[in-house]
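Asker: Between the sequences and the hints, there should be enough to build the whole structure, so can you do that?
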Amino acid sequence: MTEMKDLHKLLLRRYHRQLVRDMQTTRVLVQMLAVFDQSEEAEVLAGQTPTDRATRFLKILPQKGPEAFEAFVNVLEKKQPELARPLREEGLRESASSKNGEKPTFLSPHLRNKLSSLADFTPSQWYRLVEKLPFEGEERKNLETQNGSYPVLRLIVACQNVPIRRVARAAREVDRDDVADTLRAHLPKGTTGPKLADTLPIKDLPRDVRLRLTTELNITRSAGKDWKLVAERIGVLPQTAQLWEHNKARTNPAEKLLSDWHKRPDATVGKLYQILVDCKMEDIADIL
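Counting from 1, one number per residue, gives the positions in the sequence shown under the UniProt record's numbering.
Since the hints were made in silico from the structure, they are not lab data.
Virtual Cβ for every residue (Gly too), placed ideally from N, Cα, C.
Misleading hints may appear alongside valid ones.
[Unchecked claim] With a Cα cut of at most 27 Å, we get these calculated BS3-like pairs of lysine-lysine:
no., residue 1, residue 2
1, 280, 59
2, 195, 263
3, 114, 189
4, 263, 203
5, 9, 280
6, 203, 114
7, 195, 271
8, 280, 79
[Claimed, not checked] Label-pair ranges, simulated between beta-carbon atoms:
no., residue 1, residue 2, range
9, 27, 145, 46 to 54 Å
10, 21, 215, 22 to 30 Å
11, 233, 67, 12 to 20 Å
Answerer: The structure is reproduced here in structure tokens:
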């Protein structure tokens, strides 16, 4: 069977995290039984959690031929239009770019202009980035033999199939925070990773970051988004969380949470960032 178009695979990769997190897989699958056969349907439904079912669905979908993406987006437009909208709009925009001879990328024209205005990479920065990022084949060879100038946009365009968070982290590791900050400023919150090192222990958070983080976590937002969601993710006992909630007028529950968690080896900035994103608190994640 002919596989899905590369452009559509790219869009599914780009929005994979959001789809896994928010997609109502069972409702979508019921409307796509003309695309998925019985064994594939059973494989998806064998997932034990919503996340697992969505992951299985998105693993199978690209193998279902060039019409599968359109069928998928059509179903999303009926069931979850907020998920369909970026896939539809970016698909149209990227298709137009491809017809003009450009490679489809995650870059909007505005972001391209911003990246073009940044100073070139030094040769050392360029080659370190090529080593850090998973380029393959002809693309890697072309980048390794680059001579003359080393423009930021040239390298970032080559990263179209690399997770944005990995690109931003690599830029910071070669002392180009300006590149990572530009990506962060012009891409959706929660996609470019923390400014702080992923491996930084929570106990070593800068004081101002910790204060802002705990202040925001103590505010209950829509759908109950606050420190209690994070507490559940890191395994705080329900009785303990209830005690902190009961005493919140006299104590700082979010600070209690971090102080309790930071004794564990997995208590790192990278782990907390991902938890916040998974809890749909991307704006708080970007405090890190």
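Asker: Hint by hint, say whether it matches the structure.
Answerer: Do the hints match the structure? See the list:
no.: 1; hint: 280 to 59; verdict: 23 Å, holds
no.: 2; hint: 195 to 263; verdict: 22 Å, holds
no.: 3; hint: 114 to 189; verdict: 18 Å, holds
no.: 4; hint: 263 to 203; verdict: 8 Å, holds
no.: 5; hint: 9 to 280; verdict: 24 Å, holds
no.: 6; hint: 203 to 114; verdict: 35 Å, violated
no.: 7; hint: 195 to 271; verdict: 13 Å, holds
no.: 8; hint: 280 to 79; verdict: 20 Å, holds
no.: 9; hint: 27 to 145: 46 to 54 Å; verdict: 50 Å, holds
no.: 10; hint: 21 to 215: 22 to 30 Å; verdict: 25 Å, holds
no.: 11; hint: 233 to 67: 12 to 20 Å; verdict: 38 Å, violated
Of the numbered hints given earlier, the model fails hints 6, 11; all others are met.
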